[in-house]
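4 protein chains.
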Amino acid sequence: MTIRVTVWNEFRHEKDASHAASTIYPNGLHEPIASHLRQQGLEVRIATLDEPEHGLTDEVLANTDVMTWWGHMAHAEVSDAVVEKVQQRVLEGMGLIVLHSGHHSKLFKRLMGTTGNLKWREADERERIWIVEPGHPIAEGLGEYITLEAEEMYGERFDIPAPDELVFVSWFQGGEIFRSGCCWYRGRGRIFYFRPGHESYPTYHNQDVLKVIYNAVRWAAPHTIAATPVVNVKVPLETITPKESAAD
Amino acid sequence: MTIRVTVWNEFRHEKDASHAASTIYPNGLHEPIASHLRQQGLEVRIATLDEPEHGLTDEVLANTDVMTWWGHMAHAEVSDAVVEKVQQRVLEGMGLIVLHSGHHSKLFKRLMGTTGNLKWREADERERIWIVEPGHPIAEGLGEYITLEAEEMYGERFDIPAPDELVFVSWFQGGEIFRSGCCWYRGRGRIFYFRPGHESYPTYHNQDVLKVIYNAVRWAAPHTIAATPVVNVKVPLETITPKESAAD
Amino acid sequence: MTIRVTVWNEFRHEKDASHAASTIYPNGLHEPIASHLRQQGLEVRIATLDEPEHGLTDEVLANTDVMTWWGHMAHAEVSDAVVEKVQQRVLEGMGLIVLHSGHHSKLFKRLMGTTGNLKWREADERERIWIVEPGHPIAEGLGEYITLEAEEMYGERFDIPAPDELVFVSWFQGGEIFRSGCCWYRGRGRIFYFRPGHESYPTYHNQDVLKVIYNAVRWAAPHTIAATPVVNVKVPLETITPKESAAD
Amino acid sequence: MTIRVTVWNEFRHEKDASHAASTIYPNGLHEPIASHLRQQGLEVRIATLDEPEHGLTDEVLANTDVMTWWGHMAHAEVSDAVVEKVQQRVLEGMGLIVLHSGHHSKLFKRLMGTTGNLKWREADERERIWIVEPGHPIAEGLGEYITLEAEEMYGERFDIPAPDELVFVSWFQGGEIFRSGCCWYRGRGRIFYFRPGHESYPTYHNQDVLKVIYNAVRWAAPHTIAATPVVNVKVPLETITPKESAAD
Chain A
1 MTIRVTVWNE FRHEKDASHA ASTIYPNGLH EPIASHLRQQ GLEVRIATLD
51 EPEHGLTDEV LANTDVMTWW GHMAHAEVSD AVVEKVQQRV LEGMGLIVLH
101 SGHHSKLFKR LMGTTGNLKW READERERIW IVEPGHPIAE GLGEYITLEA
151 EEMYGERFDI PAPDELVFVS WFQGGEIFRS GCCWYRGRGR IFYFRPGHES
201 YPTYHNQDVL KVIYNAVRWA APHTIAATPV VNVKVPLETI TPKESAAD
Chain B
1 MTIRVTVWNE FRHEKDASHA ASTIYPNGLH EPIASHLRQQ GLEVRIATLD
51 EPEHGLTDEV LANTDVMTWW GHMAHAEVSD AVVEKVQQRV LEGMGLIVLH
101 SGHHSKLFKR LMGTTGNLKW READERERIW IVEPGHPIAE GLGEYITLEA
151 EEMYGERFDI PAPDELVFVS WFQGGEIFRS GCCWYRGRGR IFYFRPGHES
201 YPTYHNQDVL KVIYNAVRWA APHTIAATPV VNVKVPLETI TPKESAAD
Chain C
1 MTIRVTVWNE FRHEKDASHA ASTIYPNGLH EPIASHLRQQ GLEVRIATLD
51 EPEHGLTDEV LANTDVMTWW GHMAHAEVSD AVVEKVQQRV LEGMGLIVLH
101 SGHHSKLFKR LMGTTGNLKW READERERIW IVEPGHPIAE GLGEYITLEA
151 EEMYGERFDI PAPDELVFVS WFQGGEIFRS GCCWYRGRGR IFYFRPGHES
201 YPTYHNQDVL KVIYNAVRWA APHTIAATPV VNVKVPLETI TPKESAAD
Chain D
1 MTIRVTVWNE FRHEKDASHA ASTIYPNGLH EPIASHLRQQ GLEVRIATLD
51 EPEHGLTDEV LANTDVMTWW GHMAHAEVSD AVVEKVQQRV LEGMGLIVLH
101 SGHHSKLFKR LMGTTGNLKW READERERIW IVEPGHPIAE GLGEYITLEA
151 EEMYGERFDI PAPDELVFVS WFQGGEIFRS GCCWYRGRGR IFYFRPGHES
201 YPTYHNQDVL KVIYNAVRWA APHTIAATPV VNVKVPLETI TPKESAAD
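Protein chains in written order, with our numbering: chain A, 1 to 248; chain B, 1 to 248; chain C, 1 to 248; chain D, 1 to 248.
Chain A with its partners taken away, still in its complex shape (with noise of 0.2 angstroms):
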């Protein structure tokens, strides 16, 4: 079964002329990352937020199996009733692939019930991103670290719960680290947050992070998707007997 990918941006600094995002990203930043899952063979979709319903339509939703989510400047203009929506979708076992500063995303936080804070700095400092699971489906044909030239830094304290599984941990020219590779299992879904990504750098066009986005979808594609109900069991699996009759 061929997976079907929904890639979300906000595009909105890619729109403003006057912003390096515009001719690194002349199409959106979605550009690379749908381009290079099609390669790859998967279905891919395009979704954004200035479209109705943010492009999250029900019958898209329903053709998902996994999300990217990529948003910034405008967290706050994402409906309620779509960040609703989307966090039951993940539930019931849709995949999500976090991107950089989606950290503070409503979505991203709700999922995680942290605030999702961190340190940040823009000063054009190398990020060397180490692979500390090299046996994780995430990290399969990387070497042992992935070099960024130029990066935003995110630095620790990142207000999440522990990671379920922690694949990368970024070293920062500037003296700081961060965990950058990040899994988490919600309900039925996968979640996988992945640090790197400022809109004015090149970095969606980085073979090494594309291929890591590769391996997300495909570890956090789903074998089910159905939701978990409450249930009133009404009937016993078992015969219920009173106290008298049990060994203890």
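Hints in this document: simulated from the structure, not taken from any laboratory. Each residue gets a CB set at the ideal place from its N, CA and C atoms; glycine is no exception. Honestly, I wouldn't trust all of these hints.
In silico lysine-lysine, PhoX-like type, Cα no more than 25 angstroms apart, as pairs [claimed, not checked]: (1) D:Lys106 with C:Lys109; (2) A:Lys106 with B:Lys109; (3) B:Lys85 with A:Lys119; (4) B:Lys119 with B:Lys106; (5) A:Lys106 with B:Lys106; (6) A:Lys85 with B:Lys119; (7) B:Lys85 with A:Lys106; (8) D:Lys109 with C:Lys109; (9) D:Lys211 with C:Lys109; (10) C:Lys106 with D:Lys119.
Chain D is faced by these chain A residues, among others (derived, beta-carbon under 7 angstroms) [as the list claims (entries may be wrong)]: (11) Arg128; (12) Gly175; (13) Trp219.
Reference listing, derived: stretches of chain B covered by chain C, where coverage requires no fewer than 3 residues with Cβ under 8 angstroms from a Cβ of chain C [stated by the list, open to error]: (14) 124-136; (15) 160-171; (16) 189-201.
Take the given structure of chain A and dock chains B, C and D to it, following the hints.
Here is chains B, C and D on its own, set in the frame of chain A:
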């Protein structure tokens, strides 16, 4: 330092003279809990749903190290503003012990990011709570299991994030099992969910149940309470040098 | 790439004509397991205790992606040299599925660092294996639980490291529970322990049990196999400057 | 109850007058550790490799709540019998703090089940130990990070099971990162690995490093020490009835 505990109770069932809870817990089910914690030397305050701000003013929150939470029929009446404040306090370090039907409280669902859904049955059946991590501080002073001769059944699948530490698993006579003692770390705070405590059974008069709650309060007590801010670290800790000066 | 599986079996009970196992599994309990995996298209090899090197030569290990392990009465006869080699191969990435009484094998105890001790009883009692993580790959295609009408009981406390992922918990008619489907990551390898499979019951003829083993093999298959060496990194990746040149 | 600590040290480098350790730690690197723990009111005993039974007699083990372990050049000289006894004691509940090069000790490798391999470099470089879980008991009283102006580098991939709680991650000037404060639960025991402490640097005179060791000792202290036996539970807790009497 004496641990300061706020025992929060919805306190509705017990005021209904036609409900078994009014006989089992004439002064509210918070009373045996509060009384036990006081006997152990803790400083205990009580707060209930029908007080102004549900009894959870800024002053109360500022002076609470650990909160216990029992709610059932009126989860929807808890104000979002209070839930928001309590959640923030947990992330800053306040311990939280969620009891029984509190699994569906707004507070628990927000901190977990999941629905808290589960199976249930009222059939006066036996529950045996097995200790699967006997070395855990919350298991101090317990035997191999706790038997409750009659309780409501809660069954899997329980829609929670996999606990960071799973201390208890319950066996039910009718054929189900349940992860009934679960620890999570969120922000700087520690959260413990403890399953038993249906309002129509005398569970909170059981000495082992009270011992677990006391152990959990001690385990969840913070060493410091502090927010995790967003910080723009303009001055780096280390000198940032351009690419050509580095080895790779 | 076809997954290459080695199904390892102690293969002693089945050769004893007075033992029930000789009737239930006339060709060894490895046969229904191997047969099922072959039907699913995997490449399967069998190895048993009484072969030279227990059937686990360097050549076999070099060509195994995932190994399943069943042992019981003769754990002590497995040579330390073979255990050492298999452990190293797991750390390099080979998947390992440990079945039932394999909890006391030298191999499992070395990989866990614990005793593997537990409670047990042979009383032809019902086991109900509850799926607590229905979204997990090992739960694919299963319902809410698997019922085995008669099995040996294993009860907590099971002396294992808390599993990295807990997929199944068993209910037993006699009053116990057990963490019966447990995942661990060790080195680059993935390990799954699956409880059922006492030799005097036809458990390995049960289709759901076989499905779990197949799912587990797929989950445990590595993407690459490689050792983690000790490396003296004499030339640093970055220029190391003395204290006075840094900001702090 | 006063916590009873045994500070174990290989104590070889310090006796070599040509080695820097003999100047930095003239009485052994165990001395500043033991001295600090005593000042905090703990009951401290010292044991070293060259004593009979390495100073770890049954009597010493029976009276130890938490052990700290530093070894480096003579791991192979530690007798298997002593390692076996100490491992069993940890599984029964004794806390264990493994320091620096103890990552390659027989004891640590047996408890982890992995090789403990890593990268290393001696280049007098700066280490900055970031606290990623500030709410953890082992982080009590620390700031955001600890700076050590000169230390040996340890780098990933560190071949350990993913820690149950990751408290510290180190940044190194030469470009590496390392999971440098790791908690595991094994049996009833608690294990903490703490990275810094190369013998040619005055690391164990650093007040923050000593504070971490003290915090870790308190965190690892057991509430009870007891083995987990194998038990044949011949008499079930509940009446076992044949299939036809049950609901399914």
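Violated hints, by number in ascending order, as checked against the structure: 9, 10, 13 and 16
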